[in-house]
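Chemist: Given next are the chains, with one letter for each unit.
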Amino acid sequence: MKKQVIVLWFSGGAPAFKIVKRGKMMETVLLLTFAIPISGAFLLPLVGRYSTRLRNVLAFLLVAASLTASAVLVGPVLSKTVVSFAIPLSFPGFEILKGFDPVFSADALGVFMALVSSLVSLIIVFYSFGYVKHDENQNEYYLMVVLFLGSMVGLVYSQNLLYIYLFWEIAAIVCWRLIGFYREREFVLRADKAFLITVGGALAMLLGFIILFNQYGSFDLRVLHGKAVPDLALVLIIIGIFSKSATLPFHTWLPDAGVAPSPVTALLHAAVLVKIGVFAFARIFVASGLTFAPDWHLVLLVVISTSALVSAGAALIDTDLKRIIAYSTISQLAFIFLGLMIDNKIALTGGLLFILMHALGKGGLFLCAGIIEHTAHTKDLRRMGGLIKTMPVTAAAFGLCSLSLMGIPPFGGFFAKYLIIGGTIASNIWVATVFVVGSFMTALYLIRAFMMAFLGDTQAETKPEGSPTMVWSVAILAGLSLLAGFLVQYPNELIQIAIGQITGR
Amino acid sequence: MMSESILLVLIAAPAVLGILMLLIPRPVKYFWETFGVTIAACLIYLVISLWGREVNLNLAWLRIPGVLAAIRFQLRFYGFSQFILVAVAVFTFLIALYSAKFMTDRPAANQFYAYLFLSEAMAFGAVLANNLLIMLFFWEALLVTLYLMINIGHPKAYKTAIKALIIVGFSDLCLMMGIGIVGMSAHTLDMTRIHLSTNGINGIAFVLMMIGAMAKAGAMPFHTWIPDAALDAPLPFMALMPGALEKLLGIYLVARIALDLFIMDTGMQIFIMTVGAVTIIFAVMMALVQKDYKRLLSYHAISQVGYMVLGIGTGNPIGIAGGLFHMINNAMYKSCLFLTGGAVEKQAGTTDMRQLGGLARQMPVTFGCFLVAALSISGVPLTNGFVSKELILEGSLEAGYRIFAVAAAIGAVFTAASFLKLGHAVYFGKPSIAIKKVTEAHWSMLVPMILLAAGCLLFGLFSRLPLDGLIKPSLYSSLGHAVSEIHFDIDITQWLFWITMTILTIAVLNHIYGVKSSGSGLGASEHIHHAPGLKTVYDLAENRVFDPYVQGEKGGYYLVKGLYLVDRAVDWVYQSFFPTVAGWISETRKAHNGLFANYLSWVLGGFGIMIVYLFWLAK
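Chains Z and R supply the protein sequences, listed in that same order. Per the working numbering: the first sequence = residues 12 to 516. Per the working numbering: the second sequence = residues 170 to 788.
It should be emphasised that the hints constitute simulated quantities derived from the structure, not laboratory data. Here a beta-carbon is modelled for each residue, glycine too, at the ideal position from N, C-alpha and C. Heads up, a few of these hints could be off.
Not the full set, but computed from the structure, chain Z residues with beta-carbon under 10 angstroms of chain R [what the hints assert, rightly or not]: (1) P103; (2) G104; (3) I436; (4) F461; (5) L466; (6) Q500.
Construct the complete structure from the given sequences, taking the supplied hints into account.
Modeler: If you want it as structure tokens, here you go:
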């Protein structure tokens, strides 16, 4: 296997192409992971003109195909090989585009992230069948959702900063269309806000990339591996990452984006958008080992600690269900960042595991909120109450997903949170204390939301439960959250290979 | 291998049973009840079948190459865990039997049984665990069943359930933090290989872990959900969780932390003993003035924890043995008392002491059980409570701190006084008109009470039996041959015996005085309730001034509001500041007014600036 899969290293000049049948196959699979959803997405509106049913099935199949392709890539990862391919743009004599080559490689980190994203997206697409059934512009909706996933997967496998930026901006445009999906003026303004902040951040990040290019002559992360990042470039890149991953002080667009259809918010929070920033951090500063001054390390820790507490505080005050869950995302993203920033294996394992657990739990919460939105026709917690009587499955799913996010065993979140905090204690006990307080507040606001929505007196008569596809989706996510706790070794296996690749290189 | 798989069965069997009960509605009345009671009995048999052996199980769970503190699924069955395990199994069995009749008419009976067995599974796991993280895993999972069991009490019970969830959740987080620090200092989470001092950061870990353990047991100030749960949760829950299981688990962990994981220094010992003494006194003072059967008992459930913590805090074999012995004794008589309370509730329809009275004649068996258990908790000679309290007194005197012994003695006076009051008000005197006709409870409810009461007498009369059979083997691995110091004989020539007699006499005299001055058994504590000074404190307590949950809620609100304002301020920058600035900038469009002369002046002006700039460059 090892010999058959060719590992292509782009070495600054002549393309080292050697086509081996088996290896070519794996490369093709890697290409397909993002080529299928990106190109297939544009077919959806055409198909939708003839049959909505066929379009829905096709959208589901496109995401499923991407998931399958990523799953196939687990094989080489487990045998410790990295499938990768590059499309050389520069040749001897034509070196203007040196360092611009698209390079894609399926290392363990990428495969893990792609699996998480496409799995959650698959469930969200399934849920959407029930949710957007009666809305207009469904063709655009499915186009954007599938394109969203495609750009995420493309970003995940990219080894070149320029293409990370490219997919990053595709996601931003898609996200802009989706947040303003219901075309009311207020909603469009919110979408603009999200777009302006994230694109502003992305442009700052691009500047940072250009500084790196000027210094080291390449956008290729493998060339940049282990290099020191100049302070200005670091600040610019971090602005981009924090604005995409909604971290203080670039976070307020995320709660506002709650005006989007619920499956879209689930997609933003759980599967794709905010995970882009986290993943870019992991890719650039952890996996590729770009280094920066230790003082900045402390600054970043302070920023994410503040972000965790401020957003948790806001989640305890707000009364809009979707805004609360959005603030919770901001707070939980800080946990993931913490895991990635702390320089030891335990915290890193926790951080990567939490990407998965958070995706499952948060996806579940937003989809539950969507069901409530449909049946109770409100997002305001003060006008809910007693919903557990009419929608027990949703209530149970909400409860289970909350428990996972709070980090209570036997749910998956427990291991992730314990490892993050356990790892942090060894490095910086004060930060660990702040995050323990943060996770206590996590428990408080989730309990509060659950209590106000599902317990207490019934405020208004509501329809019982949502459509079967919607209820099944949340039940599956809740079940997966629970299962991820008992079977935590399986994702961990992948993560350990990823960490091995990161530290071994 | 055989016996190792039994360890897994111990955890898996009740867990699977619990899940099945949740998923499958009972096909016939009493189906799950019968099935559950049978399984519970089988589990007792399983534990006993391993008795006296040491069994270790070690499986990989979460592998992190190169990190020693990675998570291994380690279980250990040995002298200490066998003791707690058998107690957990027996109490679950008794509660399962009792609840068959008690819960049968309630809508959530199925759920109650499911949570009961899930709790048993988690408790087994927490006690068997030999890896701190595995212990934390099962320990925190108990939070969920705790919440759910309180929640099914009645439609409004969720408030108390959430209170419990938050308080216990907070202490569990402390435990988690403590375990994290231990993992860092000891480079392992294997409980048999951790022996830390209590200096520096390890001291913080010790305190954090102790908070987690003592809060589970219900020590102050993490107790405030228990009295609320007494009124809201279904009664068998009270007998099971605050009455027995949580005490067993909490004190087990306190003992493990104090004896195995850390080597306590004097400062830490005093800290532990102070928590114990404070808990004894304050909780018993609250118990004394309660007017509800269950609520009164719940305060005693807190107060008795103080004795156990005090005993273990002494750090000498006598005190520790006393603490552990008190743990098992308390579980027996406290469960028994709660069960009598449940029988009264079921038969008379209320637990309000103002309406109850004269039940001794109508419910003689219940009264008999109550009497034995009340004598035990008051520490009357020939009962088990007497033995363990004497041991704790002896231990704290031996540790050289008289003040703690005095606190224990004062606590004993008021304990006896409040049970005189409770017994007098409920079983003697006259009932209110509404509940005249009361009959004895169903046999399935009586059997557990009788067994527990008999156990109290057995352990009291033959105290050598539990001391040699349960306590010494438990402590052998931690204390070694020092366990031979542990012994107890009733000796009326010893002054310790007479201290106890004095305590009981004072309690009786106090009761007689109280009844005379107020005219009823219920009013026996009124003179203390309304004593100058105390009255104010009681009023404050009544208004929950001392409840950290309520106070935390108030204080936390301002903190959270502050954080929210930070968030709003950041949002204001995007929502108002930037658009305003953009507005100012767009004011410059007024310069584009369409006049040719205007544009020409712009061009010429610009040209002028360029020229100046070029000259400046040339210089």
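Chemist: Next step is simple, just say for each hint if it's right about the structure.
Modeler: Okay, the hints, checked on the actual structure:
1. P103: Cβ of P103/Z sits 41 angstroms from chain R, so the hint is violated.
2. G104: Violated, because the Cβ-Cβ distance from G104/Z to chain R comes to roughly 38 angstroms (cut-off 10 angstroms).
3. I436: Holds, about 4 angstroms.
4. F461: holds, 9 angstroms
5. L466: holds, 5 angstroms
6. Q500: Since the shortest Cβ distance to chain R is 6 angstroms, the answer is holds.
Hint compliance for this structure: hints 1 and 2 are not met, and every other hint is.
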